[in-house]
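**Q** These are the residues of each chain, in order.
Protein chains: 2
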Amino acid sequence: MSDVVTVEVGLGDRAYDILIGPKLIARGGELIQRRLPKARCAIVTDDNVAAVHIEPLVESLSAAGNAPAVIKLPAGEKTKSFDSLEKVVDDIIAARLERGDAVIALGGGVIGDLTGFAAGIVRRGMNFVQMPTSLLAQVDSSVGGKTGINSPRGKNLIGVFHQPKLVLADTSALDTLPAREFRAGYAEVAKYGLIDRPDFFAWLEKNWREVFAGGPARTEAIAQSCRAKADVVARDEFETGDRALLNLGHTFGHALEAATAYDGARLVHGEGVAIGMALAHRFSARLNLASPDDAARVEAHLRDVGLPWRMSDIPGSLPDAEALLGYIAQDKKVSRGALTFILTRGIGQSFIAKDVPASEVLSFLKENHPG
Amino acid sequence: MSDVVTVEVGLGDRAYDILIGPKLIARGGELIQRRLPKARCAIVTDDNVAAVHIEPLVESLSAAGNAPAVIKLPAGEKTKSFDSLEKVVDDIIAARLERGDAVIALGGGVIGDLTGFAAGIVRRGMNFVQMPTSLLAQVDSSVGGKTGINSPRGKNLIGVFHQPKLVLADTSALDTLPAREFRAGYAEVAKYGLIDRPDFFAWLEKNWREVFAGGPARTEAIAQSCRAKADVVARDEFETGDRALLNLGHTFGHALEAATAYDGARLVHGEGVAIGMALAHRFSARLNLASPDDAARVEAHLRDVGLPWRMSDIPGSLPDAEALLGYIAQDKKVSRGALTFILTRGIGQSFIAKDVPASEVLSFLKENHPG
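Going down the list, the sequences are from chains A and B.
Just so you know, we're using the working numbering here: the first sequence kicks off at 41 and counts up by one.
Just so you know, we're using the working numbering here: the second sequence kicks off at 41 and counts up by one.
These are computed hints drawn from the structure, not numbers from a lab.
You may find that some hints are simply not true.
It does not matter which identical chain is used: a pair holds within one copy or between any two.
Calculated cross-link-like contacts (lysine-lysine; reagent style DSS-like; alpha-carbon spacing at most 25 Å) [stated by the list, open to error]:
hint, residue 1, residue 2
1, 78, 394
2, 195, 63
3, 78, 246
4, 195, 394
5, 118, 78
6, 63, 118
7, 127, 205
8, 195, 127
9, 112, 394
10, 406, 78
11, 112, 205
12, 246, 205
13, 406, 205
14, 78, 63
Using the sequences and the hints, build the whole thing.
**A** Structure representation (C-alpha cells):
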C-alpha cells in the first residue's frame with residue numbers, strides 16, 4: 041500500500057480514516073472487513089457508476105465472505121429527493137441490516153449525500169462507508185459528515201451530520217470521468233488553497249497538469265484537500281463557526297446554479313464554485329480588502345485549467361443583477377436577514393464577513409453582469 | 041412558579057431543562073423567549089390537540105412578539121410516516137425558519153417523534169421545543185432525544201437523535217385525556233420504578249390514586265419519571281448500552297402490538313408495555329432470576345390501576361406462541377440473531393440479558409398464551 045495515503049479526520053469518538061490511492065474499490069472487501077469485522081453490507085450506487093465499478097466491489101466483498109445487497113438508483117441530481125431517500129431507507133431495512141452493519145455509498149456527491157442521510161436515519165444511525173468516484177466527492181462531500189437531499193425550495197436543505205467510519209478514495213476511478221467533470225471537481229481542490237493554504241495554491245499553479253494526468257501528484261492534491269477540509273471540520277463539526285469558510289465561492293456559486301435552474305448543460309456545481317471564487321476575490325478587491333492582483337491570479341489559474349471564471353462564461357442569458365441578489369438572499373447562509381459572505385484579504389487569507397450590505401453586492405453584480 | 045418542578049437533562053452542550061407543572065402551555069411564549077430570545081417559531085400539532093391547546097399557545101407566543109406558523113396534521117399513528125415527514129419539513133422550510141429558529145411539537149408521542157425528526161433534518165438540525173400533551177409523551181418520548189417515524193416494516197425504524205432545547209410538560213393538559221390513555225401512559229411511569237427505583241415503585245403503589253387525580257402527586261410522579269429517564273440517557277445518549285434498560289416490557293409489548301396489528305381499539309402502546317412488564321417479571325421468575333412474589337406484586341399493581349397485565353386481557357384472539365416469537369425476533373433489539381431481553385432480579389433490579397434462548401421464550405409464551 042505504499043502508494044496509498046491515509047488522512048485521519050480527528051473527531052474524537054467519531055474519528056475516521058480516508059484512504060487515498062489507486063485501485064481501492066477492488067480492495068473494498070478487505071479494507072472494510074479490517075475496520076468493521078462483522079458488518080454485513082449494502083451498496084448504494086447509481087446506474088452509471090454501477091456499470092463501471094460495481095462488479096469489482098461486489099467480488100471483493102463476496103471474497104471477504106460478505107455478499108452485499110445492492111441498491112441502484114438513477115444517476116443525476118434528481119435522485120437527491122425524498123422519494124429516493126424513502127426507497128433507499130426501505131431497501132436497507134428490507135435487507136435486514138442492523139445498526140452495526142454497513143451502508144456503502146459508491147458514487148459521486150449525489151449518491152454520497154443521499155446514502156449518508158439514509159444511513160444516518162435508519163435505526164437512528166448505521167455504519168456508513170464512502171467510496172467516492174468523482175473528484176468533487178473525494179475532496180468535498182466525503183469529508184465532514186454533511187449528508188442530505190434537496191427540497192423543491194432549495195438544495196441540501198434537508199439532512200443530518202453523519203460521519204462515515206471509513207472513506208476509500210480510489211484515484212483510478214477518476215480516470216473514467218469526463219474531462220469537464222474532473223475540472224469541476226478541481227475547483228474545490230483549488231478552493232482549499234484559496235481558503236488558508238497559499239503554498240498549496242502556488243503548488244497547484246505549478247503542478248495542475250500532473251494532477252489532471254493522474255499518478256502521485258493527483259493523490260497528493262486529493263490528500264492535501266482532504267487534510268485541509270478535515271482541519272476545518274475538526275474545528276467546527278456542526279458548522280456553527282469556522283466551517284463556513286468552506287463556502288468560499290459558494291454564495292455566488294449557488295446563486296448562479298439557481299439562476300441557471302441547476303441545468304448541468306449550462307453550469308455544474310464545481311463550475312459555479314469556480315466563478316464564485318473568482319467573484320469573491322474580485323468583490324474583496326472592490327471592497328479594498330484584497331489586492332486586484334490576487335483576484336487576477338485566481339482568475340488566471342481557473343482560466344488555465346479550463347474552468348469558467350466569470351459570469352459571461354456561462355452559456356445562455358442570466359437573470360439581471362436584482363434577480364441574482366434575490367437568489368443570494370435565499371441562500372441558507374443568510375443569517376437573520378444579513379448577508380454573509382466568505383471574503384478574502386489575499387490568496388489563502390479568506391474570512392467570514394457578516395453583514396455585507398446588499399447594496400454593495402448589487403452594485404458589484406451589476407458591474408460584472410454580462411447582459 | 042412554586043408549583044413548577046425543573047428537571048435538568050445533563051448532556052453536556054446538549055443539556056436542557058424539562059419544566060413540569062400546571063398551565064405551562066399558556067406561558068409558552070414567555071418561557072421559550074427566555075431560552076431562545078430571537079427564535080421565530082413554528083408549531084406542529086394534530087387536529088385533536090389543536091382544538092384544545094393551540095389557541096392559548098399562539099396567543100402566548102404572539103404576546104411575546106413571536107406569531108408562529110402552525111402546521112396541523114391528522115391525529116393518529118398513521119401520521120408517523122414518510123409522507124407526513126415530507127409535509128412538515130416542507131412547511132418548516134416554506135415558513136423560512138432558519139437554524140436558530142424553533143420548531144415546537146405540541147401533542148403526544150406521534151407529534152413529538154415526527155416533529156423532532158423534522159427539526160433534526162431541516163438545515164441539518166434546528167432548535168426543537170417539546171410540549172407533550174399526553175402522560176406517555178411527558179414521561180417517555182420527551183426525554184432522551186429519540187425521534188422518528190414508522191416504516192411499513194416496523195415501528196420507529198427511521199429517525200435521528202435530536203435533543204430538544206426545552207420541554208414544557210403541562211400537567212393540566214392531562215386533565216382532558218381519556219382515562220384509558222392516561223392509564224396507558226402510567227405504565228411507563230411504573231416502569232421507571234421497576235427498572236431501578238424500588239422506592240419509587242413502592243411510592244406509586246401507595247399514591248397512584250393521587251397521581252391519577254392530578255395536583256402535586258402527579259407533578260412529582262412525572263418529575264421522578266423524567267429524572268429516572270434522564271439519568272439513563274445521560275449515561276448512554278446513543279443507546280449503545282444501558283439505555284436498553286428503558287425497553288423493560290417493550291420486547292413482549294412490541295410483539296403484542298404487532299400481533300394485534302397496532303389496532304388501538306385492542307391494545308395501545310402503554311398497555312402493551314404493561315403486559316410486557318408483567319411478562320418480563322413472570323419470565324424472570326420462571327428462569328429463577330427473580331421471586332414469583334415480585335412478579336405477583338407487579339401484576340397486582342397494574343391490575344389495581346386498571347391496566348391489562350396478561351395476554352388474556354387483550355380483546356380478541358392472538359396469533360399462537362410461535363407467531364409471537366416471530367414478532368419478537370423481528371424486533372429491532374435483536375442483535376445479530378440472538379434474543380436480547382430486559383429481565384429482572386426483583387422490583388427495581390432490571391438488567392440487560394443477551395443471548396436469551398429462543399426455546400425458553402417459546403415455552404414461556406406457550407404456558408402463558410390464552411388461546
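**Q** A separate judgement is required for each hint: does it hold in the structure or not?
**A** For each hint, the structure was consulted:
no., hint, in the structure
1, 78 to 394, "between (48 Å within a copy, 18 Å between copies)"
2, 195 to 63, "neither (32 Å within a copy, 41 Å between copies)"
3, 78 to 246, "neither (45 Å within a copy, 49 Å between copies)"
4, 195 to 394, "within (22 Å within a copy, 44 Å between copies)"
5, 118 to 78, "neither (34 Å within a copy, 35 Å between copies)"
6, 63 to 118, "neither (29 Å within a copy, 47 Å between copies)"
7, 127 to 205, "within (23 Å within a copy, 32 Å between copies)"
8, 195 to 127, "both (19 Å within a copy, 17 Å between copies)"
9, 112 to 394, "neither (42 Å within a copy, 36 Å between copies)"
10, 406 to 78, "neither (59 Å within a copy, 34 Å between copies)"
11, 112 to 205, "within (22 Å within a copy, 38 Å between copies)"
12, 246 to 205, "neither (34 Å within a copy, 50 Å between copies)"
13, 406 to 205, "neither (46 Å within a copy, 43 Å between copies)"
14, 78 to 63, "within (24 Å within a copy, 52 Å between copies)"
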